[in-house]
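**Student:** Spelled out from the first residue to the last, the chains are:
Protein chains: 2
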Amino acid sequence: MRERFTLPDDVLYLDGNSLGAMPAHLPAAMADAVSRQWGHDLIRSWNGNDWWGLPTRIGDRIGRLVGAAPGQIVCGDSTTVQLFQAVMAAARLRPGRSVLLTDGDGFPTDQYVVDSVGRTAGLKVARVSPPDVAAALSDDVAVVALSVVDYRTGEQWDVAGITEQVHAAGAVVVWDLSHAVGCLPIKLDEVGADLAVGCSYKYLNGGPGAPAWIYVASRHQDVADLPLTGWHGHADPFALEQEYRPAGGIERARIGTPPVLSMLALDAALDVWDDVDMQAVRTKSLRLTDTVIAYADAFLPDVSVVTPREHARRGSQVALRMEHAYEVTQALIARGVIGDFRAPDMLRLGLAAPYLSYTQVWDAMEQLRDVLATRAWDDPSFARTATVT
Amino acid sequence: MRERFTLPDDVLYLDGNSLGAMPAHLPAAMADAVSRQWGHDLIRSWNGNDWWGLPTRIGDRIGRLVGAAPGQIVCGDSTTVQLFQAVMAAARLRPGRSVLLTDGDGFPTDQYVVDSVGRTAGLKVARVSPPDVAAALSDDVAVVALSVVDYRTGEQWDVAGITEQVHAAGAVVVWDLSHAVGCLPIKLDEVGADLAVGCSYKYLNGGPGAPAWIYVASRHQDVADLPLTGWHGHADPFALEQEYRPAGGIERARIGTPPVLSMLALDAALDVWDDVDMQAVRTKSLRLTDTVIAYADAFLPDVSVVTPREHARRGSQVALRMEHAYEVTQALIARGVIGDFRAPDMLRLGLAAPYLSYTQVWDAMEQLRDVLATRAWDDPSFARTATVT
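Chains A and B, in that order, are what the protein sequence lines are.
Quick note on our numbering: the first sequence kicks off at 1 and runs consecutively.
Quick note on our numbering: the second sequence kicks off at 1 and runs consecutively.
Hints are computed from structural coordinates only; laboratory data are not their basis.
Incorrect hints may have been included.
One copy or two, it doesn't matter: identical chains are merged, so the pair holds either way.
Claimed, not checked - Here are the simulated SDA-like pairs of lysine to any residue, each with C-alpha atoms no more than 20 angstroms apart in a straight line:
no.: 1; residue 1: Lys124; residue 2: Tyr244
no.: 2; residue 1: Lys187; residue 2: Arg64
no.: 3; residue 1: Lys124; residue 2: Glu243
no.: 4; residue 1: Lys284; residue 2: Asp363
If you're wondering where the values come from, they're calculated on a predicted model, not measured in any experiment.
Extracted from the complex, chain A is given alone in its bound form (with noise of 0.2 angstroms):
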């Protein structure tokens, strides 16, 4: 599979939980968006390259990968607007509860989502971690929204568990895919999730900014009511109709017009993903977060490992707690090994199994081991600045 992606010669890429590699065939791709389907074909791409069917056909592709039968994702827009999309579907599928679940150590967009939702619906907000969501769960609790992997440390939640829990009490669940989709064999499906989201430029490379994307359990989908009402989740949208109504199945989630030029850049993406079992990307993936954790047991004694060893409990990162982290990893970059700061402490590593090695993350562990040693990081070049990662 490596083959399939295009990596400079001199980096080791640990960075695509927050920006996955380019597949190799991505500038050709491309090159006829832009130039055949837009210059020459115009308008007229719409039908002749359909255009209008990208959203629900880049759906059922992610579909695959996250255990979702056909008809049940729609692509576009960013993660935070799916989010809230999701969140407030969620409250209004439970009118009369008041109660919002959200991660205290989630993502902060997810946080800011549920709390402007809660606003917004006249909802309150309790924080909780995820293993104490059952305890936190009563008959007014309306939806839990959780991520699948926390995004600092790399744990991942026992998603058919808590979905369980949540059903019990009568609540709906939305869960956040973003560091999951393309690493993990998550299947919503059968665990029974609610809504869901996740974002398409981490593990399935979409590229910067690809557009996220939205999943609505069949059951729920002729009673979804999403805010975000564009022509394109319009029964008849041709029609031009004064009054909404809500088109049946997923195409109720499409919302106005996508940004078509990176639907296109995602849709050739994913061609990267038609022959690939999720569980042999596990199985590499497990092998590779094993081998940073082996290593930094081994030779990094002022280094500790803050994701959990139980591979169940692992997403596909590794997060290292050390001091200086900041400057460790500025140093790193400098070498050509990219892997990112989360504030306060720790370097964070992420391993995606399609196109990293074995060789190539054994050789990152010993720079940042040679780092360490020779305190490479203490140099004013790698001092704190304002940072954009």
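Chain A is already provided as a structure; the job is to place chain B on it using the hints.
**Tutor:** For chain B alone, kept in the frame of chain A given last:
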């Protein structure tokens, strides 16, 4: 300016009001975006190629074209999403008032979104034609949301006059500039607009589904309460705090990670506009629409001109009413004359001044005359089926 665009030789393109033509340098710009910025620079591009600054940098470039001083526009996500964001924020600027006014003949999404905000915020929605806004205003009206140009008829509304009326009643106005940006010399600051949105794939030629944008007048920025609270709009995004603290200035209108590839296409497309005087664009646009109208008057006895003849009341498109308008549109497209159909009986011709010549417009009208005179539209292959335009 025409040399800045690539158009197929066998096409007369009068649909730039739906999807603008491709600037000639776009293939090179996108090749750089994909191969170098994503493929080689990877995550480092957020700083190194200033992906982080794209939403506001593009915002300021659009600002120059719509009379907005820097620091009031941010780009990202779809028009639907930005409309929801703007109308919700506008309603929150006028708590205690209970009515939203919108145009009952406006673009469907605009009506659907206002209805959705009404349901979400517990407000009533009333529909009114823009010239009748004054009569519909009261001290219970919170927001008036209108398009600058009617998407079907091409009628331009009195932005300055209506804004003044709305303000006199103590309400807030949200303008949709989708059919105005890039063809009319709009003056958002000068007329005192409150909020505005627009799309970028029509007259701005930003590419299919190019990200939309939102304008929040400086005077409202510190109190604007926007519902889509993604981490990019946080006062200190990389502190990754639990609680949302909106950024100062227009940065608070950022949402989540935007569709970077689509943004880079739009950013490149805006190069076309840097030395352009919008008044010159307007002058040529009027001459082009005058040509269409004069031709219809002189040579098309069975066609009626729906678009206003008064320059001040006209956008940059002409709608022609005729029998069999759908079939006529298809027959024209088969000849390479691309306009579009709007139910029930209109052929809509978009006149994009930057790349259309008078000769091309004349030739297109000659084709229309011939299609009507020879009944070329009366062919089973042009009969109405499901359509996407």
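**Student:** Each hint needs a verdict: does it hold in this structure or not?
**Tutor:** Consistency of the hints with the structure:
1. Taking CA atoms no more than 20 angstroms apart as the test, Lys124 paired with Tyr244 passes between copies only; the shortest distance there is 16 angstroms, against 29 angstroms inside one copy.
2. Proximity of Lys187 and Arg64 under a CA criterion of 20 angstroms is satisfied intra-copy only: 9 angstroms inside one chain copy versus 49 angstroms between copies.
3. Taking CA atoms no more than 20 angstroms apart as the test, Lys124 paired with Glu243 passes between copies only; the shortest distance there is 14 angstroms, against 31 angstroms inside one copy.
4. Taking the shortest Cα distances, Lys284 and Asp363 sit within 20 angstroms of each other inside one copy (17 angstroms), while across copies they are farther apart (62 angstroms).
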